[in-house]
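Undergrad: Chain residues, written in single-letter form:
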Amino acid sequence: MLNLSTAVFRQLLAWPILLSGALWLALAYKLSFDEHLGAASLGAFLSYIVLGLSALLLRFGYVLQQRRQQGWLRQDSLRCTTTRAVISETVAAACSLLLLVVCSQLIVLTLNPRLNVQSESHHIVMSRVESDNSWAFTWDDSIPVGSKLCLTFDFENAPKGVIESSITVEQRSAPVTAGKIFYWTLSANDVRDRTITLEAPAEHNISLIRPIARLVIERPPISTLPRLLLNQLLFFFTVIALCLFIFRRLKVNGNLASMGALAISSLTNLKGSNLLPDVGALVASGLRFERTALTTNNIALFTWLAMGAILIYFSCKAPGANKK
Amino acid sequence: MTRNLPSAFVSLIIAFCVVSIANGNLRVVGQDAVDSFRCFNMYLDFNNASFEENYLMMGAAAEQIEYLSGDSDVREFSAYMAGYSTSAESHKRTGRDALHWAETGAEWLQSSVSTRNKPFTGLQLAAYIYADRILPHRSSRLVREQMLEVYAVWLASGGGSGSVNHGAATRYQDYLALDREGRDNYILGQLQQTWAPE
Numbered sequence: 003m004l005n006l007s008t009a010v011f012r013q014l015l016a017w018p019i020l021l022s023g024a025l026w027l028a029l030a031y032k033l034s035f036d037e038h039l040g041a042a043s044l045g046a047f048l049s050y051i052v053l054g055l056s057a058l059l060l061r062f063g064y065v066l067q068q069r070r071q072q073g074w075l076r077q078d079s080l081r082c083t084t085t086r087a088v089i090s091e092t093v094a095a096a097c098s099l100l101l102l103v104v105c106s107q108l109i110v111l112t113l114n115p116r117l118n119v120q121s122e123s124h125h126i127v128m129s130r131v132e133s134d135n136s137w138a139f140t141w142d143d144s145i146p147v148g149s150k151l152c153l154t155f156d157f158e159n160a161p162k163g164v165i166e167s168s169i170t171v172e173q174r175s176a177p178v179t180a181g182k183i184f185y186w187t188l189s190a191n192d193v194r195d196r197t198i199t200l201e202a203p204a205e206h207n208i209s210l211i212r213p214i215a216r217l218v219i220e221r222p223p224i225s226t227l228p229r230l231l232l233n234q235l236l237f238f239f240t241v242i243a244l245c246l247f248i249f250r251r252l253k254v255n256g257n258l259a260s261m262g263a264l265a266i267s268s269l270t271n272l273k274g275s276n277l278l279p280d281v282g283a284l285v286a287s288g289l290r291f292e293r294t295a296l297t298t299n300n301i302a303l304f305t306w307l308a309m310g311a312i313l314i315y316f317s318c319k320a321p322g323a324n325k326k
Numbered sequence: 004m005t006r007n008l009p010s011a012f013v014s015l016i017i018a019f020c021v022v023s024i025a026n027g028n029l030r031v032v033g034q035d036a037v038d039s040f041r042c043f044n045m046y047l048d049f050n051n052a053s054f055e056e057n058y059l060m061m062g063a064a065a066e067q068i069e070y071l072s073g074d075s076d077v078r079e080f081s082a083y084m085a086g087y088s089t090s091a092e093s094h095k096r097t098g099r100d101a102l103h104w105a106e107t108g109a110e111w112l113q114s115s116v117s118t119r120n121k122p123f124t125g126l127q128l129a130a131y132i133y134a135d136r137i138l139p140h141r142s143s144r145l146v147r148e149q150m151l152e153v154y155a156v157w158l159a160s161g162g163g164s165g166s167v168n169h170g171a172a173t174r175y176q177d178y179l180a181l182d183r184e185g186r187d188n189y190i191l192g193q194l195q196q197t198w199a200p201e
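Taken in sequence, the protein lines are chains P and D.
Heads up, the first sequence is in my numbering, so the first residue is 3 and it goes up one at a time.
Heads up, the second sequence is in my numbering, so the first residue is 4 and it goes up one at a time.
Please note that the accuracy of each hint is not assured.
What the hints assert, rightly or not - Where chain D lies over chain P, by a calculated footprint (3+ residues, C-beta under 8 Å):
1. 199-210
2. 261-269
Unchecked claim - Not close to chain D: a few residues of chain P, all C-beta gaps over 10 Å, as computed:
3. T8
4. G45
5. L111
6. N255
Hints were generated in silico from the structure; no laboratory data involved.
Ideal placement from N, C-alpha and C gives every residue a C-beta, glycine not left out.
With the hints as extra help, turn the sequences into a complete structure.
TA: Structural data, given as structure tokens:
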């Protein structure tokens with residue numbers, strides 16, 4: 003089984019692929035942390051790594067298809083061909099992704115890039131006016147607990163002498179002062195519900211300057227990179243399993259299987275759908291990274307991994323998968 | 004026929020994803036990388052445009068960057084360069100040209116209100132462009148009202164985060180203590196005090 007894993011791994015990461023991977027990493031680092039033009043954000047770097055992992059998955063589908071066409075090279079050496087072949091292929095694919103992730107971590111660890119100096123990032127949230135003195139805010143993504151809602155209130159029409167008021171959310175209340183930005187720290191319940199309704203005393207007649215608020219979210223520090231990369235790996239574990247299931251069990255072309263696996267896993271980001279566990283934040287990257295990184299809850303994560311394990315189990319049970 | 008069913012099913016899912024991406028309901032894995040790359044290119048364009056003093060290009064790139072990354076600082080910088088800094092008399096622009104660019108800069112700042120990632124970005128600059136570059140050449144009531152409104156909003160937003168503008172909250176409270184006419188005069192007085200020298 004080890005021999006087969008090694009063979010698939012070597013087929014996956016042939017020299018040209020390794021060279022391309024190294025070049026891609028260098029480019030990703032440059033594009034993300036360039037002194038003048040880079041975003042200086044881990045999100046930008048992670049987005050290129052996700053693209054690299056996706057490319058490796060497509061390569062995996064191609065290799066599977068090649069192996070099928072070549073008559074499953076070296077598979078005859080296994081005693082229990084179907085089960086062990088699937089496990090070998092899973093191990094080979096996971097190891098190739100792991101290699102990319104480890105190299106990404108090493109390049110950042112070695113070169114220690116400068117990150118954005120601002121410790122917080124700002125994101126826009128639109129409001130819905132419930133009444134003259136209450137406003138509802140909703141957002142799509144899961145955001146970290148402890149994020150703050152930043153609002154600017156207008157006291158222009160408040161009765162003379164009123165320069166302080168209060169904002170209430172259910173049982174909680176906080177003071178708001180004219181000329182000062184108001185910050186509301188979101189509780190675990192607010193974050194889970196993805197909505198919040200703020201209310202001000204009607205007699206104070208204060209209003210929002212603009213019908214928008216900003217979410218102020220703490221930027222993940224560079225020390226969280228290993229965990230972020232591990233999250234990506236865990237996400238792709240189930241994508242690999244999905245690819246193998248489509249390829250082995252449904253007997254679909256390897257290239258199509260890998261594209262299908264990527265498409266199905268992307269459905270975790272589909273708005274308003276609860277078909278798949280909410281694990282899109284595991285591959286949080288790019289511009290949404292600061293908003294959603296490290297927000298996946300454990301239940302969703304374990305459900306996702308369990309799905310991967312079940313898919314591998316069913317792939318192992320595929321009848322006659324070792325036959326040409 | 005049944006042999007091809009799984010392939011057709013997978014193809015259908017891929018097609019569904021493509022349609023959902025086009026509708027904006029889905030972000031496919033790796034799509035953020037494409038946006039990051041686009042953003043990098045936009046910064047490159049912005050940089051080149053600022054070297055070449057191509058303000059229209061700067062404004063267009065800033066708009067794209069703001070849309071992609073939520074970074075409003077580039078918009079503020081392009082409005083400053085086009086509408087304030089180079090509209091000064093020391094830059095030897097014709098009066099008409101300077102007024103045109105000042106109005107363009109103010110328009111850029113006003114149009115980005117709903118996409119601005121920070122509530123206070125660009126407000127003070129917009130007020131200064133109105134007061135210092137537009138009003139002396141075009142004494143319209145609308146411009147004056149826009150200037151007063153923008154400055155009042157800037158005061159209400161505390162003048163920005165950090166300690167640089169810590170006096171804005173007190174000034175807003177002083178402003179609120181006045182009647183309608185007094186408030187306008189208060190803002191005009193504040194702007195006259197802080198107008199940057201040419």
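Undergrad: Now look at each hint and say whether the structure bears it out.
TA: Evaluation of the provided hints:
1. 199-210: Three-residue rule not met by the segment 199-210 of chain P, so violated; n is 0.
2. 261-269: Three-residue rule met by the segment 261-269 of chain P, so holds; n is 8.
3. T8: 28 Å, holds
4. G45: Not fine: 7 Å to the nearest Cβ puts G45(P) too close to chain D.
5. L111: 21 Å, holds
6. N255: 7 Å, violated
Consistency with the previously given hints fails for numbers 1, 4 and 6, ordered from lowest to highest.
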